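Kindly produce the complete structure, drawing on both the sequences and the hints.
Order-wise, the sequence lines are chains A and G. Every letter in the first sequence is one number past the one before it in this note's numbering, and letter 56, counting from 1, is 56. Every letter in the second sequence is one number past the one before it in this note's numbering, and letter 186, counting from 1, is 186.
These aren't lab readings, by the way, just hints derived from the structure by calculation.
Stretch-level coverage of chain A by chain G, calculated; a stretch enters the list once three of its residues show a Cβ under 8 Å from a Cβ in chain G:
# : segment
1 : 144-158
2 : 215-225
Some chain A residues well away from chain G (every beta-carbon gap over 12 Å; in silico):
# : residue
3 : N2
4 : I5
5 : D9
6 : F23
7 : I27
8 : G28
All of these numbers come straight from a predicted model, not from anything done at the bench. Glycine is no exception: its CB is placed at the ideal position from the N, C-alpha and C atoms.
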Amino acid sequence: MNVLIDKFDVFAGGFWLTLQICFLAAIGALILGAVVAVLRISPVPPLRAVGTTYVNIFRNLPLTVVLFFAAFGLPALGSNADFLRIPGLESIFSRLGTDLPYFRFGLIALVLYTAAFVCEALRSGVNAVPAGQAEAARSLGLTFGQNLRHVVLPQSWKASVVPLGSVIIAMIKNSALVGFFGVVGDLSQTADQLTSAGGYPFIPVAIGISVGYLIMTVPLGALLDRIEKRQAVAR
Amino acid sequence: MSQQSSVLYDIPGPRQRRVTLISSLVAVVVVLAGAYLFIYRPLADKGQFSMELWGPLVDPSNENFPLVWDRIGLGLKNTLVAAALAIVSSLVVGTLLAVLRIQLKSLARRRFTGTAAPLAYLLRGLSWVLAVVTRVCVEVFRGLPVVITIFFVARGFPEFGASFDNLWYLVIGLTVYNSVVIAEILRSGMEGLPGGQAEAAAAIGLSPFQTTGLILLPQAFRIMLPALISQLVVVLKDTSLGFIISYEETLNIGKQIIGVLGNPIQVYVVIAVLFIAINYSLSKLAQYVQHRLSQGRKSAGTTTPTPPPAALTAQAEGAGGP
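Here it is as structure tokens:
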């Protein structure tokens, strides 16, 4: 059990790095997912096709393949994802600016992958709004944009919150994979590091790592349960 | 899509159709130009379309073609074997877990009035403890990433002198996670059933166990079939994590091929297409089953037990797996 106390800073560092990845990836995925969702509900057929293709591709690929594409495909194209070295962010999330690109590659893969699920969560919310609501809005003469902004989206938001939360929880769990793709020092890589190279006993390390992930996922899941129960009552 | 259009837009008139047509053309041009500039050009500049790189994968006359596809075939077979074993064992364990949790929940509510007071308290305490223990297990294994579970299984089992083939580490790791998810899917399905079902079963004298096995579980399976099929997609995707414990599944084989031929983008494109083809058809199957089920309910004229929100959540969560 000593390893938990001796190497507490390693565990805490891993937790912090995983949290950083999840935070950045969540923001990126929410933005990209919203854009794809807009494409998927747009009135222009080719744009809808683009959105649908995107979702179908990324929903049916294992994240591992997306990560391999990012980690091997981008360098083959001569890109180190330097566009993610955004000056302000770089100073807060120091890993964004390092010369080793794997943090950025992992981030890109997570964002691309999760965006497809975010899009589906948002779209299922829009679909959950009764058709009569949008019809009534149209018959009042609201334009497409007004209809979305004042009638459909406020209602769809309610139906989307819980699925969105599940997607974010799944993303936190998926982020464990980047540790196996060259991101040094996140929680999952810490597990590998301490047991194989560090030679520490397995069980305490496993407990430490598990607690790290459970701290992130379980409270979020409990919060979602509460929101869901509340909504069920409200309905 | 048709349902989507009917919610947000009216049937377009002549002017709207014109606007849609023009913006469609503009969109097509923009998308194609974007694809050319940002995808085709960089790839072509790097010579990624050369036959030297693609040949072994697409050209049957290439000397490496049969070898490469032999390996990919082996990888696919291993992927499917692992996925099949994992889904079967998670279904079995998940069903048992769901039944156990439902039984424990009803046991914890029982007061054991027929027995002596100390024994009754003991039984109540015991069933409460068991209910809490299963609950904690479910929460823990649902909250851990699958990669970590597989990694722990592969590292932890040899520590206790239980070494297996890599395949079994992968299957056990996947089962631990997915059986818990499936148990939750089934449990929410059973709890979402109308209360009258369990009451009627009790009224005709079925024991709690029979009630679950004969009345609740079959209905839960039926309602949750689409969610269960989506979980199958998740399992299939998750088998690709076998590469971290060097199980020879499709991705691992791909890596070996890349090591020899040095064409990462091309090999990953082929693997991606394979995965998309399999998983897409599975998702379509889930949609079809859902459609069939909703039709069946309508024609039967029975009550329509819509899947409870928890089921949808489980689906979303499952679908978010790697």
